[in-house]
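Just so you know, the protein sequences line up as chains A and B, in that order. Oh and the first sequence: position 164 is 164 in our numbering, straight run, nothing missing. Oh and the second sequence: position 156 is 1156 in our numbering, straight run, nothing missing.
No lab work stands behind these hints: they were computed from the structure. Glycine is no exception: its CB is placed at the ideal position from the N, C-alpha and C atoms. Some hints could be false.
Below, computed lysine-lysine pairings styled on DSBU-like, alpha-carbon distance capped at 35 Å [said to hold, decoys possible]:
(1) Lys1315/B / Lys1367/B
(2) Lys1133/B / Lys21/A
(3) Lys1226/B / Lys181/A
(4) Lys528/A / Lys355/A
(5) Lys1350/B / Lys1360/B
(6) Lys443/A / Lys27/A
(7) Lys138/A / Lys1226/B
(8) Lys1122/B / Lys534/A
(9) Lys1315/B / Lys534/A
(10) Lys31/A / Lys1122/B
(11) Lys403/A / Lys31/A
(12) Lys1367/B / Lys355/A
(13) Lys1189/B / Lys27/A
(14) Lys528/A / Lys35/A
(15) Lys1367/B / Lys154/A
(16) Lys1349/B / Lys534/A
Computed list of chain B residues with no C-beta within reach of chain A, every gap over 12 Å [as the list claims (entries may be wrong)]:
(17) Cys1050
(18) Lys1062
(19) Met1219
(20) Gly1248
(21) Leu1438
(22) Ala1449
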Amino acid sequence: MSEVLDTNNPETLTPPPEVVKEELLAKYPTKVARKRAKQIVINEVGPDCTVPEIMANVRTIPGIITQRGCTYAGCKGVVLGPTRDIVNITHGPIGCGFYSWLTRRNQTRPAGPDDFNFMTYCFSTDMQEEQIIFGGEKKLRQAIQEAYDLFKPKAIAVFATCPVGLIGDDIHAVCREMKEKLGINIFAFSCEGYKGVSQSAGHHIANNGIFTHVVGLDDSVNGGRFRINLLGEYNIGGDAFEIERLFEECGLNLVATFSGNSTIDQFANSHTADLNLIMCHRSINYVAEMMETKFGIPWIKVNFIGAEATAKSLRKIAAYFDDPELSARVEEVIAREMPAVEAVRAEVHERCAGKKAMLFVGGSRAHHYQELFREMGMETIAAGYEFAHRDDYEGRRVLPNIKVDADSRNIEELHVEPDPQRFTPRITPEDLARLAMGDLTFKDYEGMMPTMANGSLVVDDISQYETEKLIELYRPDIICAGIKEKYVIQKSGVPMKQLHSYDYSGPYAGFQGAINFYQEIDRMVNSKVWKFLKAPWQEHPELTAHYVWE
Amino acid sequence: MLLRHTTAEIIERTALTVNPAKTCQPIGAMYAALGIHRCLPHSHGSQGCCAYHRSTLTRHYKEPVMAGTSSFTEGASVFGGQANLVQAIHNMFTIYEPDVIAVHTTCLSETIGDDIPQIIAKARDEGKIPPGKYVIHANTPSYVGSHVTGFANMVKAMVDYFATTEGRKEHRLNLIPGYVEPADMEELKRIVGELGIATIMFPDTSNVLNTPQTGRYAMYPPGGVKVADLQRLGTSVGTVALGRLASGSAARALDTKCKVPCEILDLPIGLKATDRFIDTLRQIAGVSVPDSLNLDRGRLLDVITDMHQYFFGRKVALAGDPDQLISLTEFLVDIDMWPIYIVTGTPGKKFESRIRELTKEVPYPVKVQAGGDMFLLHQWIKQEPVDLLIGNTYMKYISRDEDIPMVRFGFPILDRLGHVYFPTVGYRGGLRLLEQILDALLDRQDRDAPEESFELVM
Chain A
1 MSEVLDTNNP
11 ETLTPPPEVV
21 KEELLAKYPT
31 KVARKRAKQI
41 VINEVGPDCT
51 VPEIMANVRT
61 IPGIITQRGC
71 TYAGCKGVVL
81 GPTRDIVNIT
91 HGPIGCGFYS
101 WLTRRNQTRP
111 AGPDDFNFMT
121 YCFSTDMQEE
131 QIIFGGEKKL
141 RQAIQEAYDL
151 FKPKAIAVFA
161 TCPVGLIGDD
171 IHAVCREMKE
181 KLGINIFAFS
191 CEGYKGVSQS
201 AGHHIANNGI
211 FTHVVGLDDS
221 VNGGRFRINL
231 LGEYNIGGDA
241 FEIERLFEEC
251 GLNLVATFSG
261 NSTIDQFANS
271 HTADLNLIMC
281 HRSINYVAEM
291 METKFGIPWI
301 KVNFIGAEAT
311 AKSLRKIAAY
321 FDDPELSARV
331 EEVIAREMPA
341 VEAVRAEVHE
351 RCAGKKAMLF
361 VGGSRAHHYQ
371 ELFREMGMET
381 IAAGYEFAHR
391 DDYEGRRVLP
401 NIKVDADSRN
411 IEELHVEPDP
421 QRFTPRITPE
431 DLARLAMGDL
441 TFKDYEGMMP
451 TMANGSLVVD
461 DISQYETEKL
471 IELYRPDIIC
481 AGIKEKYVIQ
491 KSGVPMKQLH
501 SYDYSGPYAG
511 FQGAINFYQE
521 IDRMVNSKVW
531 KFLKAPWQEH
541 PELTAHYVWE
Chain B
1001 MLLRHTTAEI
1011 IERTALTVNP
1021 AKTCQPIGAM
1031 YAALGIHRCL
1041 PHSHGSQGCC
1051 AYHRSTLTRH
1061 YKEPVMAGTS
1071 SFTEGASVFG
1081 GQANLVQAIH
1091 NMFTIYEPDV
1101 IAVHTTCLSE
1111 TIGDDIPQII
1121 AKARDEGKIP
1131 PGKYVIHANT
1141 PSYVGSHVTG
1151 FANMVKAMVD
1161 YFATTEGRKE
1171 HRLNLIPGYV
1181 EPADMEELKR
1191 IVGELGIATI
1201 MFPDTSNVLN
1211 TPQTGRYAMY
1221 PPGGVKVADL
1231 QRLGTSVGTV
1241 ALGRLASGSA
1251 ARALDTKCKV
1261 PCEILDLPIG
1271 LKATDRFIDT
1281 LRQIAGVSVP
1291 DSLNLDRGRL
1301 LDVITDMHQY
1311 FFGRKVALAG
1321 DPDQLISLTE
1331 FLVDIDMWPI
1341 YIVTGTPGKK
1351 FESRIRELTK
1361 EVPYPVKVQA
1371 GGDMFLLHQW
1381 IKQEPVDLLI
1391 GNTYMKYISR
1401 DEDIPMVRFG
1411 FPILDRLGHV
1421 YFPTVGYRGG
1431 LRLLEQILDA
1441 LLDRQDRDAP
1451 EESFELVM
């Protein structure tokens, strides 16, 4: 468990959080206010890091203007999008494929000029009225054939959009048939946009599909003593490149990343790793859980956002492998990297300390990026996720108490059992217990709220209205969210940092990323451009004479 | 190479679209609805549609784009979206207080067959629509046409819902600007202002999607056509509609409904299309063209004549939307450039025949495809290269791989800003286009010139 931070005295927040919460709800119709009241929580960290219950992963109220997207976006856009050598065909009308074409900034670096890279392409069946009426299976079959004829890829994945489920196309049958015919891996995801309540359902569907159709297909063990997978890192702005650099310098052997800068062969071989590291708990914990059950690979939560967090995560990995040489190398890397980080941190700290941030983003970033702000001396006064669940807020300890509602039940839970041949516990129960006595906890995520200050506001699935109100009431120095919120916030005179796309910069992960982020936030919160809002005649409208020369 | 799997060899495709040159109807409807003052567009479907459309429009304009969604879940998809839409209407009028909610459908709500007028009637019966407020709708099935179709459908909905025959005819024209940028709409208003013609322009996204930084966010910016003006459309003496695909159906609907005759013209992009636009306005309104517009025209012509050597004979590949491509092709041919590859993702055979007509004098085989994609365009380029590319931001991947200069034009432009502030319609817009084309061509000449023939004066 991380230490409870209480740098931020609730009494100093004006107006007090209770008043703010009341204001946020005041204008809502009764039914809306009742529901939102449970999704807006004033943080209070109790003994043993207990926090108040928050309602999360529930339906967005129609008409509320949400940040959220859909299941297709979570499946095709987030989890499978960053893998470069799968031909991802969107089965549906053109829009969904078009909007998810390169827009998430997942970077990738093919090994050579002849390697596959389909990231820059958009493939769609461009469904027409005829298919809506008579069915789209024929066109899908033909589209797969054409993709094969054109590109000869090693794998093709098919993603369902809303109408596909409604008209009853059996995309899985089509894929099975074409897999047989063409002899390459072809699989489908029933990730229709209307399933679940947010992108989150799509993550789960993607996890299930990749686990069922790819993980475990290649048993070859390709050397290396410290074999790890990195889960839930999507290489936005080159984050994965920075993390890969650190792994390499530490002597860690990365088998697969799910799914930044990845290939399908890495997924197929990922069950040969000895430790799973989870970055974004929300989007990928399912794969980690299933790999543990089936193959015996333990998982730990890591965080490479923030220099301290990066150092801590590297040390956790070293502790797990319990190898003096590895530990020494990790310490060496940290010692080498930290002075540059510290120099920039100290410099920006002077200008940024005490400034206030709000973060409303994602399923892990609203938590992870608080680390960076903390390192700069900035306070997070309000935060929330777009599509996370209670365990991401309150920690996995609440998992047994989460009521599974109808929307979640609609998303399949795979029943996984230990593989009769390939299940190998990577660590003895004794070692597990010994490590758990130290700083290393397995299968655990503490959640965002225990690390936040008392009196800070936690808002799940924030609405446009609430965003505007919070700006008005708190006047924060910076807000982090996504593209849809970007210019609302900036038009309100507050700098806004996108934490999905990083505003087309980055990386922000690891040590170099921390430096980038410190400098970027320093630029934003201390920029003079925000002081030009008023023209001279707006500042001093009074007139002195008709013509001053008269 | 960024598009390393694209080869010159063309295998016929009947099912797979690769790198589309269009997107779906609802985003066009959302954009059009933002051109009504104090209007909140509403997407009747899954959350993702709304999120995608808002994101894309925001990336294109670098401006807030507000819209609601019915947030369909599995239940709504099975039992219909009525409850969701009624609730959304109630919540939006309570919380966001728009004057108009403009509902557009999605492939989801179209496939299940939600009856939007019936749902709106139910919301009204239940008192969910406050007095003096409006809910309008357009059917925008994503599996028909393209984003241009969706735009056209929402513009037509403005006529269907608001235009009446009440009141006496007034000396005024309706102007339907087409699927153009806020800066273009501003320029069109300026031109009719110079001509001294009273107009109602709808939709009008100027000062909605190019608003100033004031430090105060306004959910409903000052721009947009007012409902009161939309209600007077039927009393105008005539309608000038720009862009057959984007504006034609609204103009014809207004003629049918309120007996307002219409002229449907090409988008006034380039010299001759702008000439026709101004000449039509002049004749309908009985005004003479002021010196200010003659000055603009003369300047555009001056650049064409002075810089003709750089345009002449250059081969161009274009991708974009039909209305824009038709006018742009004409303009390029007029300045002696040779548009030889023209692709739109929007289906429609008329487009192809019109382009063939316009490119008759081009001394190369001209390839044109409606319902095509940028993969096909790229394959044509691989077979026989061109000197210049004109298209949206996705074109830059071809531009880099093939090392061909490019001018950004169309939707979406995600990586540059000019389109938000500088028009491409009218004579002034023509000047900007030529400046961009020249910059692209001359920068390339500078880059590639041997040192001894590196030119100071061009």
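Verification of the supplied hints:
no.: 1; hint: Lys1315/B / Lys1367/B; result: 12 Å, holds
no.: 2; hint: Lys1133/B / Lys21/A; result: 30 Å, holds
no.: 3; hint: Lys1226/B / Lys181/A; result: 59 Å, violated
no.: 4; hint: Lys528/A / Lys355/A; result: 16 Å, holds
no.: 5; hint: Lys1350/B / Lys1360/B; result: 16 Å, holds
no.: 6; hint: Lys443/A / Lys27/A; result: 41 Å, violated
no.: 7; hint: Lys138/A / Lys1226/B; result: 47 Å, violated
no.: 8; hint: Lys1122/B / Lys534/A; result: 47 Å, violated
no.: 9; hint: Lys1315/B / Lys534/A; result: 48 Å, violated
no.: 10; hint: Lys31/A / Lys1122/B; result: 19 Å, holds
no.: 11; hint: Lys403/A / Lys31/A; result: 21 Å, holds
no.: 12; hint: Lys1367/B / Lys355/A; result: 59 Å, violated
no.: 13; hint: Lys1189/B / Lys27/A; result: 38 Å, violated
no.: 14; hint: Lys528/A / Lys35/A; result: 41 Å, violated
no.: 15; hint: Lys1367/B / Lys154/A; result: 33 Å, holds
no.: 16; hint: Lys1349/B / Lys534/A; result: 53 Å, violated
no.: 17; hint: Cys1050; result: 8 Å, violated
no.: 18; hint: Lys1062; result: 6 Å, violated
no.: 19; hint: Met1219; result: 8 Å, violated
no.: 20; hint: Gly1248; result: 21 Å, holds
no.: 21; hint: Leu1438; result: 28 Å, holds
no.: 22; hint: Ala1449; result: 29 Å, holds
The structure fails to meet hints 3, 6, 7, 8, 9, 12, 13, 14, 16, 17, 18, 19 from the earlier list, while all remaining hints are met.
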